[in-house]
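S.K.: Residues per chain, in single letters:
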Amino acid sequence: MPIQQICTVASMTQLDAATWWMVLEAGKLVEQHGLTGGQFIHIKCGDDQLLRRPISVAIAGWDEPEDLATLIFEVRGEGTRWLSQRKEGDKLDVLGPLGNGFDVSREGHYLLVGGGIGVPPLMEYGESLSWPRTAVLGFRTKDKAFPAVVSRFEEHCEKTYLCTDDGTLGRHGFVDGQVRETLAQDKSFTQVLACGPKPMLKSVAAVAAEFGVPCQVSMEERMACGVGACLGCAIRMKDGSMKHVCKDGPVFNAEEVDWDA
Amino acid sequence: MPIQQICTVASMTQLDAATWWMVLEAGKLVEQHGLTGGQFIHIKCGDDQLLRRPISVAIAGWDEPEDLATLIFEVRGEGTRWLSQRKEGDKLDVLGPLGNGFDVSREGHYLLVGGGIGVPPLMEYGESLSWPRTAVLGFRTKDKAFPAVVSRFEEHCEKTYLCTDDGTLGRHGFVDGQVRETLAQDKSFTQVLACGPKPMLKSVAAVAAEFGVPCQVSMEERMACGVGACLGCAIRMKDGSMKHVCKDGPVFNAEEVDWDA
Amino acid sequence: MREKCLDLSVELAGVRLKNPVVVASGTFGFGREYGQFFDLSELGGICCKGLTLHPREGNPPPRIAETPLGMLNSVGLQNPGVDAFIRDELPFLRQHDVAVIANISGNTPEEYGVMCEKLSEAGVDMIEANISCPNVKAGGLAYGTRPELAAEVTREAKQHAAVPVMVKLSPNVTDITEIARAAADGGADALSLINTLRGMRIDVNTRRPILKMNTGGLSGPAVLPVAVRMVWEVANAVKLPLLGMGGVSTGEDAAQLLLAGASAVAVGTALFADPCAPLKVRDGLAEIAARQGLSAVRELTGGIRPW
Amino acid sequence: MREKCLDLSVELAGVRLKNPVVVASGTFGFGREYGQFFDLSELGGICCKGLTLHPREGNPPPRIAETPLGMLNSVGLQNPGVDAFIRDELPFLRQHDVAVIANISGNTPEEYGVMCEKLSEAGVDMIEANISCPNVKAGGLAYGTRPELAAEVTREAKQHAAVPVMVKLSPNVTDITEIARAAADGGADALSLINTLRGMRIDVNTRRPILKMNTGGLSGPAVLPVAVRMVWEVANAVKLPLLGMGGVSTGEDAAQLLLAGASAVAVGTALFADPCAPLKVRDGLAEIAARQGLSAVRELTGGIRPW
Ligand SMILES: Cc1cc2nc3c(=O)[nH]c(=O)nc-3n(C[C@H](O)[C@H](O)[C@H](O)COP(=O)(O)OP(=O)(O)OC[C@H]3O[C@@H](n4cnc5c(N)ncnc54)[C@H](O)[C@@H]3O)c2cc1C
Ligand SMILES: Cc1cc2nc3c(=O)[nH]c(=O)nc-3n(C[C@H](O)[C@H](O)[C@H](O)COP(=O)(O)OP(=O)(O)OC[C@H]3O[C@@H](n4cnc5c(N)ncnc54)[C@H](O)[C@@H]3O)c2cc1C
Ligand SMILES: Cc1cc2nc3c(=O)[nH]c(=O)nc-3n(C[C@H](O)[C@H](O)[C@H](O)COP(=O)(O)O)c2cc1C
Ligand SMILES: Cc1cc2nc3c(=O)[nH]c(=O)nc-3n(C[C@H](O)[C@H](O)[C@H](O)COP(=O)(O)O)c2cc1C
Ligand code: FES
Ligand code: FES
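Residue numbers (the numbering used here), protein chains in the order written: chain A, 8 to 268; chain B, 8 to 268; chain C, -19 to 287; chain D, -19 to 287.
Keep in mind the hints are simulated off the structure, nothing from the lab.
Treat the hints with care, since some could be wrong.
[Claimed, not checked] Here are the simulated lysine-lysine pairs, BS3-like style, with alpha carbons at most 30 Å apart: (1) A:Lys209 / C:Lys260; (2) C:Lys192 / A:Lys205; (3) B:Lys205 / D:Lys192; (4) A:Lys94 / A:Lys35; (5) C:Lys192 / D:Lys192; (6) D:Lys192 / B:Lys245; (7) A:Lys35 / C:Lys260.
Since the model is a prediction, treat every value here as computed from it, not as a measurement.
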């Protein structure tokens, strides 16, 4: 059940020109309400912005003290700019936990596929899963490939493949090439967990389907309430119905999503 | 000629529950543009408030260093609340110098009459005039009678009479009673300079007229531009014409004002 | 002590609300979600998400765009249909001590009638007939902008309703009092206003409107002054009780609408910034009434002293 | 370097503006005041304070109220009259390299005609016929809300004007395209929009409307989405060049209006927050155009890609 809570900023670290690593003392959100990576919280970003901003949790409850939650976000507009200017000790008004994380309840072999700012929401799955996993992480270019994030995948995953659109780091090209190769080489994968821009998700979902591996994708849509009340964050499903990113998602079964909507 | 300038807050002192003494490093505003007491500056109070807030200058250019300007203001709403939360070193975006101060170009015997938050705009006239002057200062109650302000009148004026509406300090009653008594006792006054709420100004103007003493009053009206462009801050003159507080005022000849508008 | 003496209850077309704060249709679903944040019985009433006779999927996304102290939405009446509402949602709402106001939109006057019949029978406290939703291409807009159609829909709804019918007006008109009078003539028991103003936002990089429907309905603090003006105009034009809304996020905002002539207010968009906004509006309103020495909040209604 | 290649100039009904940023009527007086803050020649054009045939004192104060990211005004066409303008103000304006657009309001179609004649002769660059000012009880509102009157005023103005006539539309209508078409039929050379939305604010303590006129015109960022929507609608309905305005305070806001179909934009209320707002809007617009690799800002006009 979501609650409204005032959280204290425990630390702020700048990862690159536009990206920040923010740790929150999330208290009850983690301890009693079980906030986990892949879920999101809805943050009031000052009085100028009427609507809250949804930001995914990268990892929560695994560090010491155990109520910390890590957010990694990119400055895209006024709201995230405001967020990036917070300092240690500042208070944030957040709603959470919101949405579902990835469903990893079943034993298996997991392939984590992240693109850009979609990499952090997979972090907890990279670190804390009790089942074997491999990561394919894509970035636009080397300078946008947050070493502080990547290293935590490299530390915990069986393998971590890096790709960049411009070839400045790792494999040259989009992640779907690496995903195809990986799935082709190793037939033991039972789940693909993907987070990133929609075109990436679409092609990863296609590759996974090709190999018959179930795929979960974390989707984005513009939100108002963040809790399922306003029906603002609808996305269309293959069967023509609407589902809502904030309540039914952000993680969806890739097969159900209407990728051409 | 008015300019737009970023001023640094030199100090903030709280005078009572709702009133603040703010000193600004006003730089060119004072040194080159001659900002003086009784004029006002138009202050941007954060991004939430679309319109600027007009605040009178209590005294400017007389302290060391010579570019300081003192504002004394009461928290009345969101804008002044924001202003009260400024700290030493914060920057303010201001327009100024705006409007005229009191006209004290002619030798004479001045009676300064202030009411409540209308007392500070007379401060410079209480301190720096080269001609004899007496002050009548009215307040609602003792707790709202800013000793830090009053003492500066007491130090420099021939006499300083205090009145409170509830009799907790000085004479019991409104300032106009004291003004009448003072003008009746001493026929040498050549000018009344008054600042305060409109009903007070109206009755002081009436008393001054009774004794045939010219009276200048500092008026308030809701403003948008603050520079004379929008015609928002109109007040009606006796002859039916409109004048504008920001450009033609805030100080007007009391005889010209239509007190019944 | 003082608050104890203050009567918060109001009456809207014969329906007693324990306080004058209602939540606005479409911003509160059917109560389940925000019911996680506070007890729904704290509210004066709940205007449910707009219902149609048959289920609707609503408009394609994106449906939300932010604007200066406002937002645009083009949700477009996504809802499970009136029957599913009665079956799946109404029983939950009825567990709470709160007035349930069903909001309906029809494609024809007859559809309004059918829905009124079903909902009256199912036992809602009031029906809000939305003749103003600007998002549905057919029907929706026209009813709210043409007096004769507004009157016809109202008559049809009234004929089939056993509970009070409140007609919800659109602000996208030259003269809102004309539509208000038409609804009054049609027999409306109350009026609610304002629905959203039509607006647009364009992403200057992609050159695409942010909303897939290109335009959407503007709500939030930005529209408050328009809402206050229209409530005042309508209060002067008709004798019906009014539910005022549009941009309310504080007790002071609500007090403005009451003074302008509303009997109660609805809070919508403010929920998205703060789930507890309706309760804060209620408490802020109580504080204002107490400070003014009133014994009942309802004394504010119509208390404006125009120049 | 890049900026050097960017052509900022636009054309509005045959009048060349060196850049697309104009200041809005009534917010800039006759240029003297803000001319203290920057060189008026930096602007694309100046819409002067609304003129009437005879001098007017305007409405009683208070005339200004602040609202959420907006403001209400009820200045009400205070002005020295068209003759005094020509005698006392136009020569000053003419000292600058900037298009001078006279804004006029008449009580009758004939008054529009007389003013057009005088102003054409005196040598303004364009006339903006305000048929939308919501503050003047007689005439003002009606012209802007009734197509046949809008057409009549436009015809009369055109008949007597030797310079282009731009008709300024009110947003307080059910269908702005109807009025736009009427003005086009009447021979308008351009349209400007939007004027202010009618709104109200009440002081909950005194229970008085803040404005002495009770209601006033809403402007500022709050109205931007309504302005964008209406410019887009009008651009789709008529073939005339448009001057877009309403809530513009950044280059991005301006770009939205251009993309929606405006040839130039006017900045009004934003001046009150920042006297240099028009120059910042101009520079912001140039930056956006440069970033998009355009060679002329005018390429933005109508560049929207609706869904
Ligand atoms: C479930 C979910 C999880 C997210 N997790 C992260 C994360 O972990 N890190 C991160 O950097 N970003 C994340 N985002 C994207 C993030 O919410 C947007 O970048 C942010 O809202 C932009 O706000 P702004 O004020 O900076 O930009 P503006 O463009 O000024 O925002 C204007 C409006 O558009 C909305 N908006 C703009 N872009 C997006 C977007 N991509 N998705 C949803 N709404 C948008 C804003 O919320 C706001 O209402 C997530 C989005 C969703 C839906
Ligand atoms: C020439 C002039 C000089 C002033 N000097 C001082 C001073 O030295 N010290 C001081 O404490 N106050 C002074 N005031 C009053 C001060 O400007 C207002 O108290 C202030 O604007 C209130 O803003 P707010 O946001 O706190 O209140 P709100 O009520 O939230 O303001 C809402 C709007 O109303 C306007 N407004 C509200 N009250 C007034 C008012 N009395 N006069 C003008 N506009 C108002 C605000 O500027 C704003 O636009 C002066 C006013 C004028 C016109
Ligand atoms: C997301 C959203 C959905 C809405 N859906 C409906 C609806 O289904 N029926 C209706 O009558 N009004 C609907 N409205 C309008 C609101 O009920 C209300 O009239 C409007 O938002 C103004 O109030 P506010 O500014 O407090 O939100 C909706 C508004 C929003 C923001
Ligand atoms: C104080 C004020 C006075 C105005 N006077 C006039 C006027 O005389 N004639 C006119 O056509 N529009 C007038 N307007 C409307 C503006 O020109 C403009 O259409 C409107 O304010 C929207 O733009 P903005 O949001 O940038 O201010 C006035 C607006 C304001 C705020
Ligand atoms: S954002 Fe309101 S339903 Fe998802
Ligand atoms: S505030 Fe604009 S003219 Fe005085």
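S.K.: Please go over all the hints and tell whether each is borne out by the structure.
M.R.: These are the hints, each one checked on the structure:
Our distance criterion of 30 Å between C-alpha atoms is broken by A:Lys209 and C:Lys260, whose separation comes to about 43 Å. Of the supplied pair hints, the one linking C:Lys192 and A:Lys205 holds, its CA atoms being roughly 16 Å apart against a limit of 30 Å. In summary, the hint linking B:Lys205 to D:Lys192 is supported, as the alpha carbons are separated by about 16 Å, within the 30 Å threshold. For the hint pairing A:Lys94 with A:Lys35, the CA-to-CA distance comes to about 21 Å; that is within 30 Å, so the pair holds.
For a cut-off of 30 Å, the pair hint linking C:Lys192 to D:Lys192 is broken: about 42 Å separates their Cα positions. A distance of roughly 18 Å separates the Cα atoms of D:Lys192 and B:Lys245; the hinted pair therefore holds under the 30 Å criterion. A distance of roughly 23 Å separates the Cα atoms of A:Lys35 and C:Lys260; the hinted pair therefore holds under the 30 Å criterion.
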